[in-house]
Amino acid sequence: MDVIFSALSLAAIYGLVAIGVSLTWAALGMLNLAHGVAFAVGAYGGWLAADHLSDSAPVVLAGGVAGGALVGCAIYLLVVVPLYDRPNWETRHLIATLAISLVGANLLLELFGPSAKALPAVFGEGSVTIAGSVVTADKLGAIVSAAVVLGAVAVVLRRSRLGLGLRVLTQDSEGAALVGVSRNRMALGVLALSGGLAGLASVLLAQTFYANPDVGFVPLVKGLLVAVLGGLGSIPGAIVAALVMGVAEALTATYLGQEYVLMTLFVVLAVVLLVRPRGIAGLLEEARA
Amino acid sequence: MLACSDLRRAYGGFVAVDGVTLAIGAGEVLGIAGPNGAGKSTLLDAISGHAPASGGTVTLGERELTGLPAHERARLGLARTYQSPIVPEDLTVREVLDAARWAWSPTLAEERLEEARALVRLAAPERRRAGLLSTLERRKLLLACLLMREPTALLLDEPCSGLVGEEIEELTEIVGDVRRARSLAIGVVEHRLEFLDAVAQRVLVLDRGRILAEGPAAEVFGLPAVRAAYFDAPEVVA
Amino acid sequence: MPRGILPRGTAFWSALFLLALYLPAVTDFGDAFLNTCVLFGVYAALNLMWALVMGTAGIYSFATLAIAGISGYGAGYAAIELSLPWPAMLAAGAIVGVVVGLLVALPALRLRGVYFALLTFGLVELARSFVVQSKPLGLAQGLYGAPTFAPESLSAVGSGMVRYYAALALVIVALIVYAALDRGRVGTLLRTARGSEPFARGLGIGVVRIRLVVIVVSSAMIGFTGACYLAFFGGISPTIFSFDTLLLLFAMMVVGGIGSARGVLLGTALLLFIDQQFLDAGALRLIAAGVVMLVVTLVTSDGLAGLPAQLRERRAATGSLPTQTEMIR
Ligand SMILES: Nc1ncnc2c1ncn2[C@@H]1O[C@H](COP(=O)(O)OP(=O)(O)OP(=O)(O)O)[C@@H](O)[C@H]1O
Ligand SMILES: [Mg+2]
Chain U
1 MDVIFSALSL AAIYGLVAIG VSLTWAALGM LNLAHGVAFA VGAYGGWLAA DHLSDSAPVV
61 LAGGVAGGAL VGCAIYLLVV VPLYDRPNWE TRHLIATLAI SLVGANLLLE LFGPSAKALP
121 AVFGEGSVTI AGSVVTADKL GAIVSAAVVL GAVAVVLRRS RLGLGLRVLT QDSEGAALVG
181 VSRNRMALGV LALSGGLAGL ASVLLAQTFY ANPDVGFVPL VKGLLVAVLG GLGSIPGAIV
241 AALVMGVAEA LTATYLGQEY VLMTLFVVLA VVLLVRPRGI AGLLEEARA
Chain V
1 MLACSDLRRA YGGFVAVDGV TLAIGAGEVL GIAGPNGAGK STLLDAISGH APASGGTVTL
61 GERELTGLPA HERARLGLAR TYQSPIVPED LTVREVLDAA RWAWSPTLAE ERLEEARALV
121 RLAAPERRRA GLLSTLERRK LLLACLLMRE PTALLLDEPC SGLVGEEIEE LTEIVGDVRR
181 ARSLAIGVVE HRLEFLDAVA QRVLVLDRGR ILAEGPAAEV FGLPAVRAAY FDAPEVVA
Chain C
1 MPRGILPRGT AFWSALFLLA LYLPAVTDFG DAFLNTCVLF GVYAALNLMW ALVMGTAGIY
61 SFATLAIAGI SGYGAGYAAI ELSLPWPAML AAGAIVGVVV GLLVALPALR LRGVYFALLT
121 FGLVELARSF VVQSKPLGLA QGLYGAPTFA PESLSAVGSG MVRYYAALAL VIVALIVYAA
181 LDRGRVGTLL RTARGSEPFA RGLGIGVVRI RLVVIVVSSA MIGFTGACYL AFFGGISPTI
241 FSFDTLLLLF AMMVVGGIGS ARGVLLGTAL LLFIDQQFLD AGALRLIAAG VVMLVVTLVT
301 SDGLAGLPAQ LRERRAATGS LPTQTEMIR
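Chains as they are written, first to last, in the UniProt record's numbering: chain U, 1 to 289; chain V, 1 to 238; chain C, 1 to 329.
Check each hint, because a few of them may be wrong.
One-sided excerpt, in silico: chain C residues whose CB lies under 10 Å from chain U [stated by the list, open to error]:
id, residue
1, Gly282
2, Val291
3, Gln310
Because the hints were derived from the structure by calculation, they are not lab data.
Quick caveat, the model's predicted, so the values are computed rather than measured.
Think of the CB as a built atom: it goes at the ideal place given N, C-alpha and C, for glycine as much as any other residue.
With the sequences and hints as input, model every part of the structure.
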C-alpha cells in the first residue's frame, strides 16, 4: 500500500513536469532542456512567497506557478523569438536551452547560496490512514492536486482554442499557417503553461526536494524520460508513462534501494524504445487501430 | 523491366495502396495519374522500399526486390525521385555529386559523373550550396546523381510540381533524352496531363489505392469512370 | 577560386603546429599554464571526436564523456590491478571505448535524434551514480595511482615537457582522425545522410553501416583519450561524469562551431581560458560559460568559425535576387 502511494505521488509530479516537455515538443519541435530551471525557480518562488507574503497554501502555490511561468516566458524571449525558423534550429535550440539551464542554476546559486530552503508544508503536517497504511497529508494533497490539474489541462487542451491550434500545428504546420494559427503566439502560451506546471510540481514536491540551486536537475532528467517514454507530443502517452515510471521507481526504491532508481528508469525506457521507437504513444495508437 | 504484383500498403487500418499490379518495359515510359491522396506516392514508396509494403512482390528484371531495404534496391538499379525536391542543403553541388560517385564501391570514374551531368543539362556551379538551387536545378541534380549509376528503372514523383512553363518543356525534353540514351523503364507520377501526354506511351489511373484505368493518355482521360474519380475528389485537378 | 598546389588551410595548420612546437621555448611554463595546455589537449581531442559524431554525422550523442570516463576508469583499474605500463593502459582505453561505443550505437541506429540524445544523457548519469558507489573505483574521491607518461626519475621541467608534447601529439592524432572522417568519401556520405536520409538511401548509401563506422572509430579515439587523461594526471574522478563538465565541453564545441576542426579548437581554447579565469569565482565560472554559449548561439548559425561564411552568404543574399529555395516544399 505504501508503495502504491509513493508510486502515485511520483507519477503525479512527473506527469506535471513531463507534460510541459511534451507540449513544447508538439508546438515547436523543441526539446526544452531549460525545463529544470522552471522547476527550480518555481521552488524559490514558493519560498519567497512564503517568506515575504504569507505561508498559506494558495499563496505558496501561486508563487511556485508564477516563478515557473516566468521562466517559460524568458525561454520564449531568449530562444523562440530569435531562433525559431532560423538555420540549424534543431541544434541551436538545444544549445540555447542548455545554456539557459547552466546560467539559471548558477544564478540561483549566486543569489541564494548553496543552502537548501525549507518550504512550508502546503497541506499541513497531519496524516491519514487509508486501507491500513499511514499517508501524510502532504503526499495525499500532492497526488490529488496534481491529478486535478493534469485532468484540467487535458480537458482544456481538448476544448480550448489553444488546444485546437496545437493539434492543428502537430498535424500540418503549413495548413495551420493557412488557417491562421500562429505558432508564435501559441509558443508563448505553451511555454508559460509548461513552466507554470513545473513550478507547481516543485512546490508540491517541496517536502522531498528542498529548494536549492540544483533542484531542477533530477526532475528535468526524469521529466524528459517520462515525456520520451510516453512519446513526445502525446498527452495520454505522457500520463501513462508517468504512472509506469512512478511504479517502477517506487518498486525499485523499496526493494533494491534508491541508488538503482535511475538505472531502472533508463532500462525501462531503453527497452520500450527499442521495441516501439515512438514510445507508449505508438502502443496506444496501435491499440486503437 | 520493372514489375510489381498485388502490391499493398496500409497505414494502420487505412489501405493506401490496395493490390496494384503493373509492369514497365525497358525503354517504356508509364504515366501514373490520379486524384490527390490516390496513393501514387505511397505506391512509389512501396516499390522503392522507402516504406515497406504490407503485401505483394516487386521484381526488377530477373531480380526479386521484395523485402530489401531501399538502399539495396537502389544498388540493384532502381532509382526514384521525390515529390519535394530533397537534396542535402548544406552540401555543395560538387559534394552531392561526389556522394553519388562514392555511394558504394566501386567508386565511379569522373567521366560517368560528367556524362550524367550533361544528360540532364545540369549547369549549376559546383561550389554553390545545394540549398540555394532552384527547384528545377535540384531536380536535375538528383537526376544526375541517380543516372550516374546507370539504373535500369527510374521512378519520378511529380517532377513538374513547382515548375513553370519553360521549365516543364525543358524537363519534358530531358525525360525524352534519358529514355533514348539509356533505354530504362520509367514511371512518372504527374498531375499535368499534357506532360504525361508528351512523355508517356501508356497511362495508368489510380484511385483509392486501386488501378481504375489503363491505356494511351488520350483514351484514358476520356473515360467516364476516370472523370468521375477526379470530380469526386475533394480538390479539382488542372 | 584558384586551387593551390597544397590543400587549403595548409599554411594555417603549419603555422599553428610550429607555434605549438616552439611555445615551450619562448615562454616559461608555470605549472598552472602547463596543466591548462594538457587539459586543452584532452578536451580538444574529445571535442573533435564529438564534433565528428554530432556535426559531420548528425547523430545527437551526448555520450562522449560517458565513453571517455568509462574507458578511463576501466583502463585505469586494469592498469593498477595488473600493474600495466601506460601504453597498455592506452590500448585498453581504446578497446573499452569501442565496446561502450558499440553498445551506444545499437539504439543510435534505430532511434530518432532527440530520443537518442536523451538516452545518452542518461548514460552519463548512470556511469556517475555507479562510480560514486563503487569502492574499488574510489567512490567520490576517484581512482588514483595509474601509470603516467613521465617516468618518476625525470626532473620537474623534463616531465613537464613530456606531458606538453604528449598533449600536442594527442591533438594531432585527433586532428588526423577528424580529417580522415570529415572529408573524403566517409565524410561526404555522412553529411549526405545527415542532410537527407531518404536522399542518401535513394543513392544506395548504406546509411547504417557508415554511421556505425564513425561511432566505432570515434569511440576508440575517445576511449584512448580517456586513458590518456589518466596517463597525464595519474587519476580520474567522478567529475568527468558531472553535468557541468558535459555542458562545458558541449559549450566549447558549439561556440567555436561544430562544422570544422578550426572551430572546435577555437571554442575549446576560448572556453578553457574563460573557465581558468573564473576558476576561483565559483558560480560565475559557469555563468560566464553559459552566457558566451547563449550569445554565440543567438548571433551565429554555425559557431564563431562559421561567421565569415555566414556573413558572405548574407551579403550575397541581399546583393542579388532572392533565391527560390523557400518557395517550394
Ligand atoms: N504516413 C502516413 N500515415 C497515414 N496515412 C498516410 C501517410 N502517408 C500517406 N497517407 C495517406 O495515404 C493516402 C495516399 O497518400 P499519397 O501521398 O500516396 O497520395 P498521392 O496520390 O501521392 O497524392 P498527391 O497527389 O497529393 O501527392 C492519402 O489518403 C494519405 O492521407
Ligand atoms: Mg504524392
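Evaluated hints:
1. Gly282: Status holds, d = 7 Å.
2. Val291: 6 Å, holds
3. Gln310: Result: holds, 9 Å to nearest chain U Cβ.
In summary, this structure violates none of the numbered hints.
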